[in-house]
Amino acid sequence: MYERKFGEVILDLKGISLSFGAMRVLNNISFNVRKGEIRSIIGPNGAGKSSMLNVINGVYHPQEGEITFRGEVRKEMKVHEAAGFGIARTFQNIALFKGMSTLDNIMTGRNLKMKSNMFWQAIYWGKAQKEEIEHRKKVEEIIDFLEIQAIRKTPVGRLPYGMQKRVELGRALAAEPEILLLDEPMAGMNVEEKEDMSRFVLDINDEFGTTIVLIEHDMGVVMDISDRVVVLDYGRQLADGTPDVVRNNQDVIDAYLGVPH
Amino acid sequence: MFYREAGEFKASYKADQAILPIRQDRWFIWAILAVAFLVIPAVSSDYWLGTIMLPFLILALAAIGLNVLTGYAGQLSLGTGGFMATGAFAAYKLATMFPGMHILLVLLFSGTITAGVGILFGIPSLRIKGFYLAVATLASQFFLIWMFNKFGWFTNYSSSGVISAPPMTAIGDVLVTGAHATVTAKYLFALSIVTLLALITKNLVRSNIGREWMAVRDMDIAAEIIGIKMLPTKLKAFAYSSFLCGIAGALWAFVHTGSVEPLAFDVNRSFQILFMIIIGGLGSIMGAFLGSAFIVLLPIFLSNAPHWFGLDIPVDLISHIEAMVFGALIIFFLIVEPHGLARLWQITKEKLRLWPFPY
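These protein sequence lines are chains X and D, in that order. So for the first sequence, the working numbering puts the first residue at 659; every next one is plus one. So for the second sequence, the working numbering puts the first residue at 400; every next one is plus one.
Keep in mind that the hints are not guaranteed to be accurate.
Far from chain D by the CB rule (all over 10 Å, computed), these chain X residues [claimed, not checked]:
id, residue
1, 731
2, 749
3, 762
4, 782
5, 789
6, 791
7, 809
8, 858
9, 900
DSS-like mimics (lysine-lysine), calculated; alpha carbons at most 30 Å apart, straight line [what the hints assert, rightly or not]:
id, chain 1, residue 1, chain 2, residue 2
10, X, 852, X, 796
11, D, 413, D, 635
12, D, 413, X, 756
13, D, 528, D, 413
14, X, 733, D, 628
15, D, 549, X, 811
16, X, 796, D, 528
17, X, 771, X, 733
18, D, 549, X, 736
Just the calculated beta-carbon pair ranges, DEER-fashion [what the hints assert, rightly or not]:
id, chain 1, residue 1, chain 2, residue 2, range
19, D, 529, X, 681, 24 to 34 Å
20, X, 784, D, 429, 21 to 31 Å
21, X, 781, D, 531, 32 to 42 Å
22, X, 784, D, 755, 41 to 51 Å
23, D, 733, X, 781, 28 to 38 Å
24, X, 677, D, 531, 26 to 36 Å
25, D, 725, X, 875, 46 to 56 Å
26, D, 595, X, 742, 27 to 37 Å
27, D, 573, X, 781, 23 to 33 Å
28, D, 414, X, 781, 12 to 22 Å
29, X, 675, D, 530, 56 to 66 Å
These are computed hints drawn from the structure, not numbers from a lab. C-beta atoms are modelled at their ideal positions from N, C-alpha and C, and glycine is treated no differently.
Model the full assembly from the supplied sequences, consistent with the hints where possible.
Written as structure tokens, this is what we have:
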């Protein structure tokens, strides 16, 4: 295996604590993400993994801690601002726009890049039409990349689960993000679908240089494709390091397999 | 067999993104437009044009307006009647304050004023959703009608509270409002406006703003995370929807009835338009027309049907039966096809594509 090289730290989380009322969901979590790496967050159910992603893209605001993104300490931001900062994500339970076609879903992912105003769009002429065609080209590249040409015009509500996951990945990619947050992209998939999805994740990382933060339960996949892994359990941080380090960490083994009495 | 897209290849994204990418669909629409513009005015009686086609067209426009808001952007509204009234009264005030103003400008400005009112009543939509929003818009409905009844300024202090449209011309000296306008001129005028606005709406919903609306409708959290701002997107939907409803109201008052009182736009009107888009199909321009046709034409058909079959039934009994059959048909259609007539049409097209083979 060749040595992978990573850039500087683009996302640095320090002492993040998040509570809902008396429920402490995240407790003093600190880790960072380097440019170009595949960073996994693992942990048993209810460990706070999804909450962690929600903190990163601004859905939840932690009560304590500091988030440094691209060298700047981030203030409390609104949900819709995350996309502008180059953070895209997919959801654990698919959150596609069910009434729209695959094409429209991915096109919507590019909404921030569309600049023409409502009046041009009303006549669908000039700037607006040119823009639609330009972005369609980009979207077609993504469709080719994810091998979903055949379902381009199918309403996504009619697609099988695995395909919907792929379309959702496409929608996130359409924004050309710097960091891609994937919340269990392989949940509920069979082995072949998992292999496909792993290949896409690796290709995205490799070809576009996108940094990936991944939540996944399949340990085989996580240990195979991640560069570094952080382990959470009941909101606490158990371990952080390369797959080999994490695999041999006693706390992690205890959390997953239980402690002998 | 005849409806095949096989063999029709698109060489550019432009061609693929056309409103009607399939050749047969294009022919069909052109045929419908030709019938609407040429055949119907030539063969129909004044009764048909004036009491059936005009309300059908104008209510279809209001239904398109509500469909933008409810069908595309997912914001349930019961304020359609109030917005139509706003359009009607704005047009009346504009036409009487500036007597020389062209009717197209009157319609444009009254639509714009209604859009402003729509934005105002759309602000709560950021916080409340679904049925609760429907109740909030219901408040706008009652408030607006109350306001037009209460303040004489809106009716130029007419004692009866009724506004009458002054005679106005569209092109040259062809009258389209007032007592001396021919029904054919009124019909063609309304048809042109409705066709144009339907086209503009279609363009909007296939552009970025339309996708943003649908994204907000289908999954608002995901929409926000990919960068769609909730408030501007929802308010744009309220504004454009009210714009269309306002123009529909102005057309109703000026071109269709000629004189109108606020009660013509009461909550029953709002429900009527809402039924149109539910029966016609949410999120479909075609559905607005189909729903309007269903709601406007069916009662007329039902009340005339016994007569055609030579049955002699008293008039009051007919109107009771009409209401019952109408209600039963609505329920029937909603059970058979909850996604409306537009979906039925789509299924028909999908079947036609394969016909005569089952799959």
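We went through each hint and held it up to the structure:
Its beta-carbon lying about 22 Å from the closest one in chain D, residue 731 (chain X) satisfies the requirement of being farther than 10 Å from that chain. Once the 10 Å rule is applied to beta carbons, residue 749 (chain X) is inconsistent with being away from chain D; the minimum gap is 7 Å. Residue placement check: residue 762 (chain X) does not keep its beta carbon more than 10 Å from all beta carbons of chain D (closest about 6 Å). For residue 782 (chain X), the requirement that its beta carbon stay farther than 10 Å from each beta carbon of chain D is not met, with the minimum near 4 Å.
For residue 789 (chain X), the requirement that its beta carbon stay farther than 10 Å from each beta carbon of chain D is not met, with the minimum near 8 Å. Consistency note on residue 791 (chain X): stated as away from chain D, yet its beta-carbon is not over 10 Å from all of that chain's, at 5 Å minimum. Chain D leaves residue 809 (chain X) outside its interface by the beta-carbon criterion, the shortest separation being 15 Å against a cut-off of 10 Å. For residue 858 (chain X), the non-interface assignment is confirmed: its Cβ lies about 19 Å from the closest Cβ of chain D, beyond the 10 Å cut-off.
The non-interface label for residue 900 (chain X) is consistent with chain D: the shortest C-beta to C-beta separation is roughly 30 Å, beyond 10 Å. Under the criterion of a C-alpha separation no larger than 30 Å, the hint pairing residue 852 (chain X) with residue 796 (chain X) is consistent with the structure, at around 26 Å. Of the supplied pair hints, the one linking residue 413 (chain D) and residue 635 (chain D) holds, its CA atoms being roughly 26 Å apart against a limit of 30 Å. Proposed proximity of residue 413 (chain D) and residue 756 (chain X) is supported: the alpha carbons are some 25 Å apart, at most 30 Å.
Under the criterion of a C-alpha separation no larger than 30 Å, the hint pairing residue 528 (chain D) with residue 413 (chain D) is inconsistent with the structure, at around 37 Å. Proposed proximity of residue 733 (chain X) and residue 628 (chain D) is supported: the alpha carbons are some 19 Å apart, at most 30 Å. Proposed proximity of residue 549 (chain D) and residue 811 (chain X) is contradicted: the alpha carbons are some 52 Å apart, above 30 Å. Pair hint residue 796 (chain X) plus residue 528 (chain D) does not hold up; C-alpha atoms about 34 Å apart against a cutoff of 30 Å.
Proximity of residue 771 (chain X) to residue 733 (chain X) is assessed by CA-CA distance (about 24 Å); at most 30 Å being required, the pair is judged to hold. Taking the CA atoms of residue 549 (chain D) and residue 736 (chain X), the gap is about 43 Å. The hint is violated against a cut of 30 Å. In this structure the hint that residue 529 (chain D) and residue 681 (chain X) lie 24 to 34 Å apart at CB holds, the actual value being about 28 Å. In this structure, residue 784 (chain X) and residue 429 (chain D) meet the distance hint of 21 to 31 Å, their C-beta atoms being roughly 24 Å apart.
At about 36 Å, the CB distance of residue 781 (chain X) to residue 531 (chain D) agrees with the hint of 32 to 42 Å. The hinted range of 41 to 51 Å is satisfied by residue 784 (chain X) and residue 755 (chain D), whose Cβ atoms lie roughly 44 Å apart. Taking the beta carbon of each, residue 733 (chain D) and residue 781 (chain X) are about 36 Å apart, inside 28 to 38 Å as hinted. For residue 677 (chain X) and residue 531 (chain D), the hinted distance range of 26 to 36 Å is satisfied, since their beta carbons lie about 29 Å from each other.
The hint said 46 to 56 Å for the Cβ distance between residue 725 (chain D) and residue 875 (chain X), and at roughly 55 Å that hint holds. At about 36 Å, the beta-carbon gap between residue 595 (chain D) and residue 742 (chain X) stays in the expected band of 27 to 37 Å. Between residue 573 (chain D) and residue 781 (chain X) the Cβ separation comes to about 26 Å, which falls inside the hinted range of 23 to 33 Å. Taking 12 to 22 Å as the suggested C-beta distance range, the pair residue 414 (chain D) and residue 781 (chain X) conforms, at roughly 18 Å.
Between residue 675 (chain X) and residue 530 (chain D) the beta carbon distance is about 37 Å. The supplied range of 56 to 66 Å is therefore violated.
Hint compliance for this structure: hints 2, 3, 4, 5, 6, 13, 15, 16, 18, 29 are not met, and every other hint is.
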